[in-house]
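Just so you know, the protein sequences line up as chains A, B, C and D, in that order. Here the first sequence is numbered in this note's numbering, starting from 660 and rising by one per residue. Here the second sequence is numbered in this note's numbering, starting from 660 and rising by one per residue. Here the third sequence is numbered in this note's numbering, starting from 48 and rising by one per residue. Here the fourth sequence is numbered in this note's numbering, starting from 48 and rising by one per residue.
Bear in mind the hints are in silico, worked out from the structure with no lab data behind them. Mixed in with the good hints there might be a few duds.
To be verified - Every beta carbon over 12 Å from chain A, so not counted as near; a handful from chain B, in silico:
{"hint": "1", "residue": "Ala662"}
{"hint": "2", "residue": "Ile699"}
{"hint": "3", "residue": "Glu862"}
What the hints assert, rightly or not - Cross-link-like lysine-lysine pairs, in silico, DSSO-like; alpha carbons within 27 Å at most:
{"hint": "4", "chain 1": "B", "residue 1": "Lys809", "chain 2": "D", "residue 2": "Lys218"}
{"hint": "5", "chain 1": "B", "residue 1": "Lys792", "chain 2": "C", "residue 2": "Lys202"}
{"hint": "6", "chain 1": "B", "residue 1": "Lys731", "chain 2": "B", "residue 2": "Lys809"}
{"hint": "7", "chain 1": "B", "residue 1": "Lys792", "chain 2": "A", "residue 2": "Lys792"}
{"hint": "8", "chain 1": "A", "residue 1": "Lys792", "chain 2": "D", "residue 2": "Lys202"}
{"hint": "9", "chain 1": "A", "residue 1": "Lys809", "chain 2": "A", "residue 2": "Lys731"}
{"hint": "10", "chain 1": "C", "residue 1": "Lys135", "chain 2": "B", "residue 2": "Lys731"}
{"hint": "11", "chain 1": "B", "residue 1": "Lys792", "chain 2": "B", "residue 2": "Lys809"}
Don't be surprised by glycine CBs; every beta carbon is placed ideally from N, CA and C.
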Amino acid sequence: MTAITGDPDEAVAGIADGATVLVGGFGMAGMPVTLIEALIRQGATDLTVVSNNAGNGDTGLAALLAAGRVRKMICSFPRQSDSWVFDGLYREGRIELEVVPQGNLAERMRAAGAGIGAFFSPTGVGTLLAEGKERRTIDGREYVLEYPIKGDVALIGAYLGDRRGNLVYRKTARNFGPVMATAATLTIAEVRRVVELGELDPEAVVTPSIYVDRILDLSAAEASS
Amino acid sequence: MTAITGDPDEAVAGIADGATVLVGGFGMAGMPVTLIEALIRQGATDLTVVSNNAGNGDTGLAALLAAGRVRKMICSFPRQSDSWVFDGLYREGRIELEVVPQGNLAERMRAAGAGIGAFFSPTGVGTLLAEGKERRTIDGREYVLEYPIKGDVALIGAYLGDRRGNLVYRKTARNFGPVMATAATLTIAEVRRVVELGELDPEAVVTPSIYVDRILDLSAAEASS
Amino acid sequence: MTFPIPPAGRTVEHLGRGPLGRDELAAVVARDIPRDSFVNLGIGQPTTVADHLAADSGVILHTENGMLGMGPAASADEVDPDLTNAGKIPVTEPPGAAYFHHADSFAMMRGGHLDVCVLGAYQVSERGDLANWHTGAPDAIPAVGGAMDLAIGAKDVFVMMTLFARDGSPKLVRECTYPLTGLACVSRLYTDQALFQVGPGGVTAVETYGTTVDELAARLDVTVSRLDGR
Amino acid sequence: MTFPIPPAGRTVEHLGRGPLGRDELAAVVARDIPRDSFVNLGIGQPTTVADHLAADSGVILHTENGMLGMGPAASADEVDPDLTNAGKIPVTEPPGAAYFHHADSFAMMRGGHLDVCVLGAYQVSERGDLANWHTGAPDAIPAVGGAMDLAIGAKDVFVMMTLFARDGSPKLVRECTYPLTGLACVSRLYTDQALFQVGPGGVTAVETYGTTVDELAARLDVTVSRLDGR
């Protein structure tokens with residue numbers, strides 16, 4: 660059953676030190692900024708964060724990094740024009756980095772959510788990022804074996820949720836949210852607004868409630884703050 | 660570019676003898692009956708058909724089987740209360756059968772569409788249906804290696820298509836259609852009606868036009884017949 | 048009638064009555080499905096469990112053909128050929144439902160997201176092996192559907208069946224003789240004669256209906272423990 | 048200015064002019080994208096190819112962050128932070144678009160459904176190996192994004208780059224010295240000096256701009272063929 664709250668601190672309660680945290684967003688689109696700010700207050704540390712980027716500017720994921728809470732980043736594209744927080748930590752040797760091709764990153768999380776033990780991907784064959792990985796030729800094409808990435812927690816941003824926990828997204832802010840929601844033990848979504856049952860079109864629900872443990876209703880959060 | 664026609668015979672033109680044809684539907688829901696009828700007239704034979712069931716009653720897939728065009732069925736559930744056509748052919752040894760667990764069937768087609776070379780599935784481990792398959796223990800759990808199922812052709816039923824070829828489905832008639840659309844070289848969809856560009860909600864498109872080669876517009880077919 | 052949830056740690060023998068009827072069995076299964084669970088009910092008898100879920104149970108039904116939040120069977124004037132359950136029976140769409148395609152539906156199962164799945168069976172072994180898809184008879188047409196996916200695809204797999212076949216042979220066995228559907232996947236076995244836990248710890252009777260644990264143990268070829276260790 | 052599509056089977060040397068400017072290069076790439084193609088334009092210079100596609104080209108743009116049918120960059124009053132391209136630049140949504148999540152977006156790429164993908168590069172080898180993600184410099188922070196997925200994820204991979212680096216060394220090479228993005232994946236190489244086919248058959252010049260095939264061959268360490276076999 661999905662718990663719905665307007666309190667960001669309640670939404671992130673219980674995240675443990677050492678947890679693997681999947682963080683949605685592609686750049687700032689779909690980034691669960693309010694949940695990340697709450698996670699900083701909550702204090703969990705020694706985290707492994709899985710996210711496409713390694714933070715932009717000084718807010719959101721960048722602020723979590725700046726607070727020294729992240730031991731390791733697993734991402735596809737850490738180096739951006741505004742990723743100075745990560746860049747600094749990395750150059751000082753204060754953060755570990757695993758670079759994963761973006762599609763393998765998404766598919767490895769899908770595999771975790773879909774109960775797939777491992778899969779052969781053609782992406783990265785013959786490159787540095789496939790070094791040490793099992794390789795196989797299937798039907799004349801080369802593949803490397805990729806394993807699931809499972810999260811203890813997923814923090815995602817969606818557009819609307821209903822009272823049951825079904826989610827819809829908005830435009831390209833959808834990105835990693837639906838995949839991460841399936842891949843974590845505890846999925847927490849921030850949404851702009853929670854609507855009544857029946858207000859979302861069942862044909863257009865992207866993340867069914869089974870994948871959503873907690874929803875932070877940003878409209879309620881604003882109303883009470 | 661998606662070709663749109665109101666002529667069922669034009670929609671199925673060029674399907675070759677010996678082709679592997681993915682046929683959508685779960686029972687009759689989502690079954691592309693008009694396309695199958697056209698395929699019977701078109702005459703392609705020696706087909707391998709991949710579909711969840713092996714025909715119901717005397718129409719659709721059952722009629723294709725009855726016409727003697729199918730060499731082999733790959734399906735999860737051939738035996739149904741109204742699958743007398745398949746049952747008869749099978750007992751007479753006139754059709755080959757590969758039974759695949761339903762989720763592996765769907766995932767093997769997804770793999771074909773997604774460029775995955777093979778994947779480790781926990782489904783079927785230790786059963787007759789996994790005999791002879793590569794087995795591996797990953798993280799303490801047993802898996803069998805499953806390979807993609809690729810179609811030369813997919814025949815699917817959808818609800819609406821737009822002029823570009825984007826598709827939406829209706830309720831549980833969605834079933835295998837979206838997966839099969841990704842897994843075939845030539846995807847042909849029958850839809851109740853083709854709508855103008857912009858009439859489908861971009862958030863709710865299930866099968867983007869890139870996966871759709873031809874659309875049979877049933878409303879146009881009826882108007883002209 | 049329904050039975051109260053048995054007290055933890057004690058095996059309860061319901062005597063002074065016969066074995067459970069089909070409806071009673073479905074009611075016992077329904078009783079044990081936790082509130083607000085996500086549940087898949089298999090084709091056939093398991094489908095009837097839905098009729099015994101309390102209106103306020105919060106249970107959300109999954110159907111393998113791509114729906115979460117499935118409603119009850121459709122009445123004659125509600126029938127929509129595009130909306131069926133896994134048994135191809137027309138059902139309804141209550142508010143809050145969601146549709147998805149087959150790969151997503153089975154990802155949901157295979158990924159272990161369902162809380163409970165209820166299945167029928169030919170045989171269940173003391174370790175929880177399940178045989179429910181194929182009699183192995185030479186003239187039988189094999190058909191598995193989603194059975195193997197469901198067997199490995201829920202946190203708890205409940206089986207409901209009669210404890211004995213028509214010829215009197217037990218269907219709870221040391222080793223399944225029918226072709227397997229899944230290994231060590233069943234956690235609870237609901238029968239007309241008794242409710243058992245099965246698994247790595249072997250067979251434990253939770254409740255009996257119209258018979259005693261000792262009487263049942265005498266008729267079975269497996270060791271049956273009691274919750275209270277007697 | 049744009050160049051006509053060169054006649055089949057003949058290498059064309061456009062003399063009496065200098066090498067292509069960036070806009071001209073983008074126009075040549077756009078010229079060679081077949082009508083009604085599904086195309087992914089990489090971050091940076093490849094993005095500018097969109098500006099040279101005819102309004103009636105029928106080309107449908109894919110962006111890795113989950114959209115098919117992407118529109119042009121958003122003007123100031125159209126900016127929507129939820130709608131960007133892979134370079135995180137705000138774009139627009141024309142009628143007929145479709146959104147999907149990242150796993151679906153990369154399944155579309157990896158599954159070979161895109162017709163053309165246009166990428167930048169540090170180096171391309173005569174066999175079509177691509178190096179475009181990492182300079183290998185010890186202090187560089189590695190960042191791959193979708194480059195490796197794109198490299199293997201389209202029926203045709205076009206690369207656009209200058210033919211020579213700032214230090215004058217050729218970027219079309221026998222073997223890439225930069226870390227690879229993908230093996231034997233590039234089919235056509237668009238440069239300021241010439242358009243080449245690369246692949247199993249080695250390097251073939253299709254067009255040159257302000258120079259001759261012979262002049263270029265003298266400056267490159269690879270064998271350059273002509274379409275007409277001379």
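Please check whether the beta-carbon of B/Glu862 is more than 12 Å away from every beta-carbon in chain A. Nearest chain A Cβ is 6 Å from B/Glu862, so the label is violated.
Proposed proximity, D/Lys218 with B/Lys809 (alpha carbon, max 27 Å): violated (38 Å)
Take a quick look at whether C/Lys135 and B/Lys731 sit within 27 Å of each other, Cα to Cα. holds (24 Å)
Pair hint outcome, B/Lys792 versus B/Lys809 [Cα-Cα no greater than 27 Å]: This hinted pair holds, its Cα atoms lying about 19 Å apart.
With a cut-off of 27 Å on the C-alpha distance, tell me whether A/Lys809 and A/Lys731 pass. Holds - the C-alpha atoms of A/Lys731 and A/Lys809 are around 15 Å apart, at most 27 Å.
Hinted pair B/Lys731 and B/Lys809, Cα distance within 27 Å: holds (15 Å)
Would the pair B/Lys792 and C/Lys202 pass a check requiring their Cα atoms to be no farther apart than 27 Å? holds (26 Å)
Determine whether the non-interface label on B/Ile699 survives the test: each CB of chain A must be over 12 Å from its CB. The claim holds: B/Ile699 sits with its nearest Cβ about 31 Å from chain A, beyond 12 Å.
Hinted pair B/Lys792 and A/Lys792, Cα distance within 27 Å: At roughly 22 Å apart (the allowed maximum being 27 Å), A/Lys792 and B/Lys792 satisfy the hint.
Straight-line Cα separation of A/Lys792 and D/Lys202 no greater than 27 Å? Roughly 26 Å separates the two Cα atoms, so the pair holds.
Using Cβ atoms and 12 Å as the threshold, tell me whether B/Ala662 really stays out of contact range of chain A. holds (26 Å)
In the structure shown, a violation is registered for the earlier hints numbered 3, 4, in ascending order.
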